[in-house]
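**Student:** Letter by letter, the chains look like this.
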Amino acid sequence: MMPDLGKYAEAVLSSYALSIMLIAGLVAVSLIRARRVRKELQGIERKAKTNG
Amino acid sequence: MRALLIRDIRLAVRAGGGFGLGLSFFLIVVVLVPFGVGPQNALLARIAPGILWLGALLACLLSLDRIFALDWEDGSLDLLATSPLPMEGIVSIKALAHWLTTGLPLVLAAPLFGVLLNLPEAGYKWLILSLLLGTPALSVIGAFGAALTVGLKRGGLLLSLLVLPLYVPTLIFGAEVARRGAEGLQVATPLLMLAGITCGAMALLPFASAAVLRVNLR
Amino acid sequence: MSSIWEYANPKKFIETTDRILPALAVLTGVALLLGLIWGFFLTPDDFRQGSTVKIVFLHVPSALMAINAWLMMLVASLIWIVRRHHVSALAARAAAPVGLVMTMIALLTGAIWGQPMWGTWWAWDPRLTSFLILFLFYLGYIALWAAIENDDTAADLTAILCLVGSVFALLSRYAVNFWNQGLHQGASLSVKSGERMDMTYKLPLYVCMAGFVLLFVVLVLIRTGTEIRARRMRVLLARERMGA
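Chains as they are written, first to last, in the UniProt record's numbering: chain A, 1 to 52; chain B, 1 to 218; chain C, 1 to 244.
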């Protein structure tokens, strides 16, 4: 399955690994923050409604 | 406007801040470089134009936050904003005052420091000319950065981060003029580009700085 | 104090994006997976570059998005300055970190590719240098957003910084070109200067580019939604404090 990368295997693999890690990190950070803010906002809105 | 200019210069000189500090910083940079790269005269002669330009740039950066910070703290910036002077004019005058108290002394001191770095004879003329042409751009661009960060408590570091990338073209062309001059090469192209950047920055950036100040004073 | 009506438009934005995001995200995943798997497993080695040619499927799309993200921020900043749509300012804010990461990927993959090919991790080549400068611009822009507390002030100042920064970034590009002629290949779609890129590489590259564009859109939509919610939260909290 794995293609033969020859003598440049290290370069190719590390660039794929690094890029995928960076992208995954960015996506994860975006999603986690989105979920947290969404939840907090819901809480505040509910409170605002019951108060007034 | 003239009154504002005189007042700003007087404040800068009296406070002892920008005036002497920038020059001393420049001197220290120039003195430290040989310690870092070794005392070979040939090597120093090669890197002298770049080091002198970089030192001048950093010394200029050092006093940028003073352009607006003091006036912001004591409220005189609000007064100036309500005065009949246009904001663009105020910004330009303040940049001019900064140049007269920081840029001009650096230009005058640069040849002296050039001796320390073994700058080739042919380079002095071009070094002075390039700094004379380039440092006004540094002050004007710096005034823009100072206007952006004027209301912030820890604005100094952010100011450097914002202003340094904006200094790239000026530094490249300025140092290129000095380097080519020192090596006895043609300098016309970078010299014209440097002059173009300075003129463009002086003509257009005060509008941006004024807009920024208006937002900050809102 | 801003009125609650101000959020009518952002509300619609959130509703619309919430509706289309799942489909868009799936599409992005499919395009990225297809493009990268195709590029990694199914392309032959180049006769000169060997297997390092596979890095192109990450390097070129990320470099493309690094520049386009800044362009999008520029357009969004202009819209904010002229029309004062809050969504636009927040979209610019949301795009900046994505652009930063894209620039990082482009720089890193470039360095890893350059090591075996040019024999050095880093060269002060015009393109590399311009990207490094672009990276600094992203850093400054993000730092300015983070430093200012008032939302509208931050939006105004960063928008102006984006405009001025764009002019200077362009100037730097020419200055750097003048300063060093460089060894980077020309047009990004020809891997070797003079030779056109072969279809076997071009097709997966196009898929990857589409994947990166979609990824950028999805991330910006998600992050803009988050920014809108965070802003609304701050307004509500401030109102509560005033009422209490």
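Hints in this document: simulated from the structure, not taken from any laboratory. Among the hints, erroneous ones may be present.
Not close to chain A: a few residues of chain C, all C-beta gaps over 12 Å, as computed [said to hold, decoys possible]: (1) 167; (2) 212; (3) 226; (4) 227.
Stretch by stretch, here's where chain B covers chain C in the computed footprint (C-beta under 8 Å, at least three residues) [stated by the list, open to error]: (5) 16 to 24; (6) 158 to 166.
All values derive from a computational prediction rather than experimental measurement. The beta-carbon is built from N, C-alpha and C at its ideal position, and this holds for glycine as well.
**Student:** Each hint: holds or not?
**Tutor:** Going down the list of hints, with the structure as the test:
no.: 1; hint: 167; result: 28 Å, holds
no.: 2; hint: 212; result: 9 Å, violated
no.: 3; hint: 226; result: 4 Å, violated
no.: 4; hint: 227; result: 8 Å, violated
no.: 5; hint: 16 to 24; result: violated (count 0)
no.: 6; hint: 158 to 166; result: holds (count 5)
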